Structure formats: C-alpha cells, structure tokens
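K.L.:
Next come the chains, spelled out residue by residue.
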Amino acid sequence: MRQVILGLMMICGALAARAADGDPPRSLYHLDASLINQSGQPLGLDVYRGHPVLVTMFYGSCQATCPMIIDTLRATERAVPAAQRAGLRVLMISFDPQRDTPAALRAIAAERHIDGARWTLAHADAATVRTVAALLNIQYRQLPSGEFNHSTVITLLSPRGEIEATTSSLGHADPGLIAQLRE
Amino acid sequence: MSTRWQLALATLLMAATAAAAPASRAPVPAGSFETILPPAPGVTSASVRAFAMDRVPVTNAGFARFVAAHPQWRRDRVARVFADAGYLQHWASDAAPAAGSARQPVTRVSWFAANAYCEAQGARLPTWYEWERVSAADKTRADARGDPAWRQQILDWYARPAGGPLPDVGRGQPNYFGVRDVHGLVWEWVQDLGSMMVSGDNREQGDPDLKKFCGSGALSLEQKDNYAMLMRIATLSSMQASYTSTTMGFRCVK
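In order, the protein sequences belong to chains H and U. Start counting the first sequence at 1; every next residue gets the next number (the working numbering). Start counting the second sequence at 1; every next residue gets the next number (the working numbering).
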C-alpha cells in the first residue's frame, strides 16, 4: 500500500511538472525569471502558480504613489468575498535593484504589516526588471535623481499565469478587477 | 625559436587579443550630447558610458544560428506571450531563412527575442541614449544633427516607398563611429523600450498625467524640428515588446 501511495505521489509530481511545461501560450509563467523575496529566498515569477495573483511593480523609496499601491491592493483584497480572498495572492516586484535589497523589502513588509504568507515583495536584477515590466506592459525609467518614473498597472493573473484583467486606477478597488475575481 | 617564428607568434597573439574585442563591434567613447528625450524636466543633455556596438544589424543568418542553439525561439515553438503571430513569418521554414536572405537584416523579431539573442552573445540591446548617440553621427562628424542636408538625407529614406526585399547589411557607409546602416535600412529595438513614456499630446507638458505616471510624468520631446528622430520615437513607443514588424530589426552592444 505504501508503495502504491509513493507511486501515486511520483505520478502526481510528474504531472505537475508537465503542467508547468504546458503553460498556455500567453502565460507569463513561460518567463524564467529569478526573483528574491523579502526573506531572501529565491523564487520565480510563478511563485503563486495555482492561485489568482495580483502582480504589480513599485519601488520602496517612492514617497507618493507607491504607498497608494499597497493601499489599493488591500482595498482590492477587501472587496472580494472571504472565500476567494483566502486563495488570492499578491506579488510586488521592485524596479530598484540597488536600494530594494531583500533586507530593505523586509523592512517595508514589517512597516506596512504585510502578511508574508500571501504577499511577496520581490527583488530582481535590472535585466529581469526590464523583461517583467515588458510582460506586464509597465513603462518606467530611472531619473537622474535615482527616483523612478513609472506607469502604475495592477495585473490579475490566472492560476496558470495568463493576464485576466489590468487596472491603472489607484486609491480604490477597480470594479472590473473585482468582477473578474468574483467569477 | 627563430626571430621570424617569434614574430609570427606575436602576430598571432595580437590577432587573438584583437578578437577578444571583436572587430564586429565598433567602440563608442563615453560622452554627452543633446537628446531628443530629456532625462528629466529641464535637462536636455544625456550622457552615456563607453560601449561597443555591432557594426551592422543582426542578419537572418545570425538569428538562424541563435534559433538553432535556442530552439524555444523557433517560429513553431515560441510562446505567444513573447512574440506575436508575425514572428519570423517570412522565413522559409521554422528554422531557416529564405534562400538569398542570409545577409539581410532579420526583421519580424519581437523585443523579447532580440533581447534573448543579445543575452546569448553575452551582450545586450542598446539603450535609447546609446542608439541616439550613434545615430547622430554622419561619416565625419560625431553629431551632424544640426546640418539640414544630413537631416534631409534621412528623411528621404523614410519617404522612399517600402517594398521589395531588404538590402543586405553593410552596404551603407560606416559613420563616424564605424557603425553602418543606422539610417536607411530598418528600425531597431532598444533595451529601454518601456522608458519611452512619451505623452500622446505634447500640450500636457506642464500637466503630467499623474494617474498614469508616478514621478514627474510623461516626457516632453525636444528638437521638435528633427522629424526623423521623432518618427523613431513614435514608432518605438507604439510597439509592445511582443510585437513584430517587417521593418523592425536590432543590433547588440556590449
């Protein structure tokens, strides 16, 4: 019996691996991206594979819009029914590889009381930032002051990494995004 | 060992050293110049560090070698998220360009594919400022943009009707830096495609669209009489990274 269970587990493992290979053609999870979370652990863009996930980009030293991004993500979470909220995940990737080290991200997470079980703040190198921003269709540029000028886009990814909805509005939960999440 | 042999060996060694900085890339010294895309409000000059740029755009043959080594970029295997349906559609097969097109610049490649190609060469796509610095040169001057005759020459290329096969790379005269075909052959991807936050309406100059852009807002363009460069920017800012086009190629820098 134990061997059968073991065998079944192995088959399931193989199926899971194949599912990853067989991502839909427009899945963002085709990208082999190296991110590091606020605990210093390496992970991929597909860290929340299997969950609906809200993905966005930000930088920690931003004084104006970025605190609003976190508030908007929270408002979005609150706007969905508790059952769906439990499955929802949030991935915020930093534009700023120099200043947003895993330690800096950990400090932001602590300061903003971020639930590390369901939210990830991620560090990525400059090349990865460019590619991820291109996939999310986020525009950004570093100003001579070191600040970043960027468009704000929150993207809802399906459990298999496909873009299901996007919003650029800040300060409140976007009704279109919520409708998609309720489905 | 005879002196003659030593000399031959020394020559060989020198050739090997030269190969380390490949002759296929032209060295471009660090410098600053007046840019069409101001890095910040009120700042009109941009500076770049020294880099080496491919003397000619990447060819179909070059891209075919890359695709052979990295089959996930084959026309039949590429994930649609990285390249639209036009990707390499003009090639004879999934892995090979059409006969006679080996030395033509590769087009119908997405930004993701161009980016992956350069990374595979241990290089990268040029930034807009690197590309702009090189594109400002004519045959004898590092910055010929003030010369109306030179501007007209570039505009004449844009005015020429497209159609027919693209010419081979390397037919154009090398410019001041030793780079060819910067104008007159294809548009070229840049690394910071996503930084071309040009406002659709220049009247928004003093009224940045804060909803869309965190920070100082959309860029406003300088040198509004430099139509050739404005067209470049307009083209690039209209492209998403998965788009392909029959006129968009690329080259790498290191």
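It is possible that part of the hints are untrue.
Unchecked claim - Here are the in silico distance ranges between beta carbons for each label pair:
#1 H:GLN41 <-> U:PRO71: 29 to 35 Å
#2 H:GLY116 <-> U:ASP84: 51 to 57 Å
#3 U:ARG80 <-> H:ASP125: 21 to 27 Å
#4 U:LYS254 <-> H:PRO42: 24 to 30 Å
#5 U:ARG77 <-> H:PRO42: 22 to 28 Å
#6 H:PRO81 <-> U:ALA61: 37 to 43 Å
#7 U:ASP84 <-> H:ASP125: 22 to 28 Å
To be verified - Listed next, the stretches of chain U that the computed footprint assigns to chain H, with coverage defined by at least 3 CB atoms under 8 Å from CB atoms of chain H:
#8 70 to 82
#9 185 to 194
Stated by the list, open to error - With the C-beta cut set under 10 Å, the calculated list includes, among others, these residues of chain U facing chain H:
#10 THR44
#11 PHE112
#12 ILE233
Hints are computed from structural coordinates only; laboratory data are not their basis. Here the structure is a predicted model, which means the values were calculated and not measured. Idealized CB from N, CA, C, for every residue including glycine.
K.L.:
Run through the hints listed earlier and report the numbers of any the structure violates, in increasing order.
P.N.:
2, 6, 10, 12
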